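J.: Chains as they are written, first to last, in full-length UniProt numbering: chain A, 1 to 409; chain B, 1 to 409; chain C, 1 to 409; chain D, 1 to 409.
If you're looking for bench data, these hints aren't it; they were derived computationally from the structure.
Among the hints, a few may not be true.
Given that identical chains are not distinguished, each listed pair holds provided it fits within a single copy or across any two copies.
To be verified - List time: in silico BS3-like cross-link candidates among lysine-lysine, alpha-carbon distance up to 25 Å: (1) 142 with 373; (2) 148 with 339; (3) 404 with 373; (4) 316 with 389; (5) 5 with 404; (6) 142 with 201; (7) 5 with 193; (8) 389 with 404; (9) 142 with 355; (10) 144 with 241; (11) 335 with 397; (12) 193 with 372; (13) 224 with 393; (14) 355 with 267; (15) 75 with 393; (16) 372 with 224; (17) 397 with 241; (18) 335 with 241.
Because the structure is a prediction, the values reported are computed rather than measured.
Protein chains: 4
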Amino acid sequence: MKSQKILNDPVYGFITIPSELIFAIIDHPYFQRLRRIRQLGLTDFVYPGALHTRFHHALGAMHLMSITLDNLRLKGTDISDSEYEAALIAILLHDIGHGPFSHALEFSLLEGIPHEELSILTIEALNREFAGQLDLAISIFKNKYPRKFLNQLVSSQLDIDRLDYLQRDCFFTGVSEGTIGADRIIKMMAVHKDQLVIEEKGIYSIENFLSARRLMYWQVYLHKTTVSAEKMLINLITRAKTLARQGLSFQVSEEFDFFLKNPLHLKDFQSNPQILEQFLQLDDFDIWGAIKLWKSHPDYVLKNISRMFLTRNLFKINLVNDPFSPEEIQEQMEKTRQKLAIPSADLDYFFSHGKVSNYGYLASDRINILTKKGKVVDVATAADLPNIKVMSKIVEKYYVCKAKNLILS
Amino acid sequence: MKSQKILNDPVYGFITIPSELIFAIIDHPYFQRLRRIRQLGLTDFVYPGALHTRFHHALGAMHLMSITLDNLRLKGTDISDSEYEAALIAILLHDIGHGPFSHALEFSLLEGIPHEELSILTIEALNREFAGQLDLAISIFKNKYPRKFLNQLVSSQLDIDRLDYLQRDCFFTGVSEGTIGADRIIKMMAVHKDQLVIEEKGIYSIENFLSARRLMYWQVYLHKTTVSAEKMLINLITRAKTLARQGLSFQVSEEFDFFLKNPLHLKDFQSNPQILEQFLQLDDFDIWGAIKLWKSHPDYVLKNISRMFLTRNLFKINLVNDPFSPEEIQEQMEKTRQKLAIPSADLDYFFSHGKVSNYGYLASDRINILTKKGKVVDVATAADLPNIKVMSKIVEKYYVCKAKNLILS
Amino acid sequence: MKSQKILNDPVYGFITIPSELIFAIIDHPYFQRLRRIRQLGLTDFVYPGALHTRFHHALGAMHLMSITLDNLRLKGTDISDSEYEAALIAILLHDIGHGPFSHALEFSLLEGIPHEELSILTIEALNREFAGQLDLAISIFKNKYPRKFLNQLVSSQLDIDRLDYLQRDCFFTGVSEGTIGADRIIKMMAVHKDQLVIEEKGIYSIENFLSARRLMYWQVYLHKTTVSAEKMLINLITRAKTLARQGLSFQVSEEFDFFLKNPLHLKDFQSNPQILEQFLQLDDFDIWGAIKLWKSHPDYVLKNISRMFLTRNLFKINLVNDPFSPEEIQEQMEKTRQKLAIPSADLDYFFSHGKVSNYGYLASDRINILTKKGKVVDVATAADLPNIKVMSKIVEKYYVCKAKNLILS
Amino acid sequence: MKSQKILNDPVYGFITIPSELIFAIIDHPYFQRLRRIRQLGLTDFVYPGALHTRFHHALGAMHLMSITLDNLRLKGTDISDSEYEAALIAILLHDIGHGPFSHALEFSLLEGIPHEELSILTIEALNREFAGQLDLAISIFKNKYPRKFLNQLVSSQLDIDRLDYLQRDCFFTGVSEGTIGADRIIKMMAVHKDQLVIEEKGIYSIENFLSARRLMYWQVYLHKTTVSAEKMLINLITRAKTLARQGLSFQVSEEFDFFLKNPLHLKDFQSNPQILEQFLQLDDFDIWGAIKLWKSHPDYVLKNISRMFLTRNLFKINLVNDPFSPEEIQEQMEKTRQKLAIPSADLDYFFSHGKVSNYGYLASDRINILTKKGKVVDVATAADLPNIKVMSKIVEKYYVCKAKNLILS
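So that you can see chain A by itself, here it is in the shape it has in the complex (with noise of 0.2 Å):
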């Protein structure tokens, strides 16, 4: 009798899992290192319960994946075995390549290089480890694999990964009403000529999901407090790179160090695997062992926005529905200076302003409906669901965010 190796997921129950090699994978310390990064970076800012980590998200995910694939196969798609483990691969590993505050620090710690890159290649890496028994993950994961279905259900409009992490966010911050009932969606998917599509009485569960979703980015993701919070915490990393890169040493860990001492371009990971194993071993307590340092560091940006962190007395932020005009702005500016009492040069570090902006649907990637008559359709077309079309039109909202106050000395 051989045991199962199972996790307690307050959101399933229980996730099993399935096999040799994706234990292993979960055991790798590149996964591992998940357990230290938060699914919602400084979301629990606002909902304290917001801790959950990318770990958990990615084992969640292929725990939807693993019941995605036994319905299909109940509906008569064929899908070899090969098949089911690879694509549940490709889906517990499809944010491997994320930092720490991921969204965040893509565009200040690093200089702009999309997670999903790293996640190639971090997935590449370990396909070397482990003998190339991750090709097929990989061909999924990068939509090499002829059967397109596969990666529609790990990187679409309506992936599994949305699947998990909709619920996880709303279960762990309590904003019981982004609920999408992602039971339902599974058991309405269907594959049609190797693609994905939904059965046309599930179709009310689709609109029900995209509304949630758009709930969960204004409720959530893009909250006004989260998005002051992030906007802090980029400040934060570029005053030290400015500072690392005039030459100070910070008594951080060395990967952290290298990453604020030196500007990275996607082809320096690809030209260097030692770079990419020094990002493999960053974390979110790399960044928040810096925080409790540079709140008694000498230098008063990284003080006081770190004792801010500390204190939760963030930016103070103004979201709207209307830009800001440039003289509104330079109004605030000045303002702030003159109320901080800080040289010009340095308000970049207490003052933002900038746009966040958001989708229902996007038509571009569409969902596909499958009729009862067998026709394939995306669902904005549908005929009962005037609200899908509307959804595709982006939303913008412009924020100017500033520190309430400074200790100067």
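We have chain A; now place chains B, C and D onto it with these hints.
T.: Frame of chain A; chains B, C and D shown alone:
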């Protein structure tokens, strides 16, 4: 130490009955009768858990009302203890005039008497028994009380009634994606110039509420199987009435017999209190008890439809987006008549067609948003809610349904 | 692509019906009738949400059985496809012989025929209709199949029946602390020498399961109000039988009438298949339909008890830990007789006394633990579970209950 | 209209912060620091969802306290507004003296200073800042206030602290069978002669609560993997202290460095407020930040244990019911030493043994039941609760744990 009356509710945990008067109302036979009227009629043919009653819904709505009023008081709205109790009574009794399988039988057992009218008559009857203690509740219920928000909480497009029934129906059907976040909506409610308003930051919850409600309509309330079962019930009662008015006697309860025999209109209820008293003896068990008898009745219409209910051999229904042409209906009728081998005169008992309709937002009964700047605007005009305007479009669907087979002897 | 039949269940999300044969069984009138028999009889007088039916419970148990067998297969236990389907059928039909308000009416409407016997007769009747396809299920159900664990899953102290009903009753009553962690228990199940065992690391789940079950007994199944309502029902049926056997006719369904008139024993069911057929027409609605009629019946016993049900004016009950002395009972009877002003001969209809009992663990039907060292031991001997031995003590409670008041005219 | 401060809690929905003073306390850096201290230390190695913090727990406990006091008021117990607020503050701050990974570090980073003492010192420090507004809360917390039930709600065998943490831990670990029905227990609470009592009808909830708590101990708090991880942490800190006191400097935060270098006793905290101030700068991130640094430290003990944490390569642990003999321990130590090839002097860093213990009910701190006849009795003497007496037996388990392998260079 006075023990509090409490009731278990799987939806909210516990419901406290807050006053002696309210306890006496709940204990009254008119209210206890709601224990025997299901909230969702025949929906359990589709969702087997949907067996909850109007009794539980009324108590749940009272519970939410009490949370809502507590919250409004915390926000500074002055609500006197008598207003508080009256609002609780008004919501508790808002559905007291419902008969068995209400929506279906409003237009078959009764001749189209709206249950709201019967609710008022019943509350007035109770008020006589309770020596005028329900005066204020009646005034709120009839929207004659000057502080309009109290009536709006009882009856409007975002009333406590809906907040409870959507949550409750969602819970007992298991359609989890219908979750509406009633908690958050209640927290966002405020009173502005005696009108109920929603604070601006709650707009996404409202949007999601409307979208969830729409989902529940198509997924549950207007589910094709429910539509079909209700049509069968209407046909069954219509047949029984026809026979009763031809002089046939049934072994049913005397009250049910009375309503089968006599065509009654609202004015009959108003002029003769005995009729209301009779009506308030009816519940689902009268109908089900009759079905159990009629399954062996010599009349083949009663027998067949009753048996269909008991074996879940429901009318086959086709529910589509576009109207059927008169020719198509004619053709289907003829085919059905031939297949079932029945006289044309009886075809209406076994063949029905019609339409169902629903809307997401009713522009005429607007939901008011209180903006951060203190302005009151219709939710449908909020800049970043493109959905809502679209949801005010009425969606209609068309159906044809018919018996699959009959036992003629 | 073959569409899977699925059912919504608020407890588990979705239940899949895994084979054509099982679908046909569920569709059979004998099984559909379980839609009209509540799992918890009159318990909704205490817990208004407890309206769930034996239909839903049977489906839920089938669902858990399927999860259990999948899990055992993963652990290496060989289970053939026919064993799998037979085990599902056995659990699906384990309660098929229950009549309306089963436990109460087993000893009043029937003359003490255990529902297990009627279940066997019913499954055999179904087997004839299904041309022997239920042979293996019957063999498992009757514990004649050599692989004992299959029967143990259907009927033992830790069977799938209990795992479902405890969870389900807990869900619908709202007694959340009755939660048993069925998921974990199932994961801990294993098969050792064809016996069902629990892996040692699961012992705390077993302890908690037994403790939760004990709680559910005292908090729900033997709640004093339920005991009182059941006693009333027994008295009502007893009266109706007495009158029927004196020649009185009721306007009830012919099947109900048949059982009121005729004293029937197990051998009658065995010798005459028509009797079983009649029995399988009965459901809760026959009883409730009769109560609706009897509320106006000239017999004052029928009238009074029926009205008490309809207005929730239940017998007042006193449930205590120590037996009442004969004198005390005598005194209370006399007082009740005088208060109600009824003849002594009728007192038994309005006054009852007796005892209820429960145990936490039944030593004679042990739960087996498989230790890490591969030994099988009784859970009650596990060193660090002092509780369980203690829980095998039978706890008895004693009650007296009586009508509060009567309408005599 | 004054906006209420509310917080999202997936466990309870919403938590309202009921007063300005309480809001100011929550906003204080001492309290905000609890955001960075996990409730369950290293338990997420077993239950990946268990990442919730002392911050959330403290707020949840305050929420339950407020429900409890509302309920007691409804039952007629007079509770003044200042007592109400003070009780909320007392429970809010009951754990404020916890350091990072509290239970583990109480006896390694500190020299065995109970966190309760540090909580008192911290509350007193806050009281000075808040100009004496916490006087009454302190009096309740120290059990000097005459109305004993207020202290019993803060700290006793059935206190609000436990009601929250059991529910919360159960929610975030996903161990659903640990559900305790806090709602019902709170409804059953009453005050009798200024003592907290439970109404008799609540005894089964109490029994279940104790049983669930026992389950949570063995299933979660004393789970062998958690025991092993905590032991590793203690060994890591012990090593760091040893090195620090030999004069080694670490690049950690100055506060952490201070506690590594200086052996401190309660009297030091009492005599020098600066030490408490330093202590209240520490949180989990100091430890995790150090682990990230130490993974590359020249000291092989620090390096190895840090890496084990980062790759979840925990000490292998054997947890059994019977004590190990000295010989067995000796033998295992020797084997471990040889296998790891380390000097004897270092063995203690990589090999540990000891015992853990737990009890279900602590007879010395009884839970009082108020019988229907108005008598107060210990729950353990209630006639039909044979379990509880048995649960007061202390259960001990014994463990040996050791590193699996080392990197020596």
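J.: All the hints need checking, so say for each whether the structure fits it.
T.: A quick look at each hint next to the structure:
no. : hint         : result
1   : 142 with 373 : neither (32 Å within a copy, 47 Å between copies)
2   : 148 with 339 : neither (57 Å within a copy, 46 Å between copies)
3   : 404 with 373 : between (61 Å within a copy, 22 Å between copies)
4   : 316 with 389 : neither (35 Å within a copy, 33 Å between copies)
5   : 5 with 404   : between (50 Å within a copy, 20 Å between copies)
6   : 142 with 201 : neither (31 Å within a copy, 40 Å between copies)
7   : 5 with 193   : between (35 Å within a copy, 23 Å between copies)
8   : 389 with 404 : neither (41 Å within a copy, 39 Å between copies)
9   : 142 with 355 : neither (31 Å within a copy, 48 Å between copies)
10  : 144 with 241 : neither (38 Å within a copy, 54 Å between copies)
11  : 335 with 397 : within (23 Å within a copy, 59 Å between copies)
12  : 193 with 372 : within (16 Å within a copy, 50 Å between copies)
13  : 224 with 393 : within (21 Å within a copy, 32 Å between copies)
14  : 355 with 267 : neither (29 Å within a copy, 54 Å between copies)
15  : 75 with 393  : neither (35 Å within a copy, 36 Å between copies)
16  : 372 with 224 : between (43 Å within a copy, 15 Å between copies)
17  : 397 with 241 : neither (29 Å within a copy, 51 Å between copies)
18  : 335 with 241 : neither (27 Å within a copy, 49 Å between copies)
The structure fails hints 1, 2, 4, 6, 8, 9, 10, 14, 15, 17 and 18 (numbered hints given earlier, in ascending order).
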